[in-house]
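Please put together the full structure from these sequences, using the hints given.
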Amino acid sequence: MSAIGLAIKQNRERLNLTQQELAVKLRIGTSTIEKYENGCQQPDTQTILKISTILDVPASELLEHGFTACQTGLDPELEQLLLETGIHDAKMILKNAKKMGKENFLRMMDAIQAAR
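With the first letter of the sequence shown counted as 1, position 78 gets the number 78 in UniProt numbering; the numbers rise by one all the way through.
Just so you know, these hints were derived from the structure itself, not from any lab.
Being a predicted model, the structure only gives us computed values, none of them experimental.
Backbone N, C-alpha and C fix where the C-beta goes; we use that ideal spot for every residue, glycine too.
Just so you know, not all the hints are guaranteed correct.
Computed list of lysine-lysine pairs in DSS-like fashion (alpha-carbon distance at most 27 angstroms, straight line) [said to hold, decoys possible]:
| # | residue 1 | residue 2 |
| --- | --- | --- |
| 1 | 35 | 25 |
| 2 | 50 | 35 |
| 3 | 25 | 50 |
Label pairs and their computed distance ranges (CB to CB) [to be verified]:
| # | residue 1 | residue 2 | range |
| --- | --- | --- | --- |
| 4 | 80 | 25 | 41 to 49 angstroms |
| 5 | 63 | 21 | 17 to 25 angstroms |
| 6 | 45 | 15 | 16 to 24 angstroms |
| 7 | 108 | 46 | 24 to 32 angstroms |
In structure tokens form, the structure reads like this:
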């Protein structure tokens, strides 16, 4: 699955849309949505703009997902976590963790681990 495909899928599922419903809104075939999400085909710029409007997410956020670990220099595991979490949520988590300070952050992590 491509990074942009994962972003499309996550945002589609966030809105509880099926691939068929998204395809109808975009006026394209369901198989095309499947290809986007599986990374077999990349949407063109105009389609990305339409997808971003329908999914109510900035096109820039969808495109952010298009960068690979090689391009960003990120550890592949970290990149996958960012993609799964979503850029917006990951930023929010990291900003709050930074504000907490290391000691409070580690206490919070211990509490989360204990709650599992």
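We went through each hint and held it up to the structure:
Distance check on the hinted pair: residue 35 and residue 25 sit about 16 angstroms apart at the alpha-carbon level, within 27 angstroms; holds. Only pairs whose Cα atoms come within 27 angstroms are accepted, and residue 50 paired with residue 35 is accepted, the gap being roughly 16 angstroms. For the hint linking residue 25 to residue 50, the alpha-carbon distance of about 9 angstroms falls within 27 angstroms, and the restraint holds. Residue 80 and residue 25 have their C-beta atoms about 29 angstroms apart, which leaves the hinted 41 to 49 angstroms range violated.
The hint said 17 to 25 angstroms for the Cβ distance between residue 63 and residue 21, and at roughly 23 angstroms that hint holds. Take residue 45 and residue 15: their Cβ atoms lie about 22 angstroms apart, and the range 16 to 24 angstroms holds. Here the CB-CB span from residue 108 to residue 46 is close to 44 angstroms, at odds with the stated 24 to 32 angstroms.
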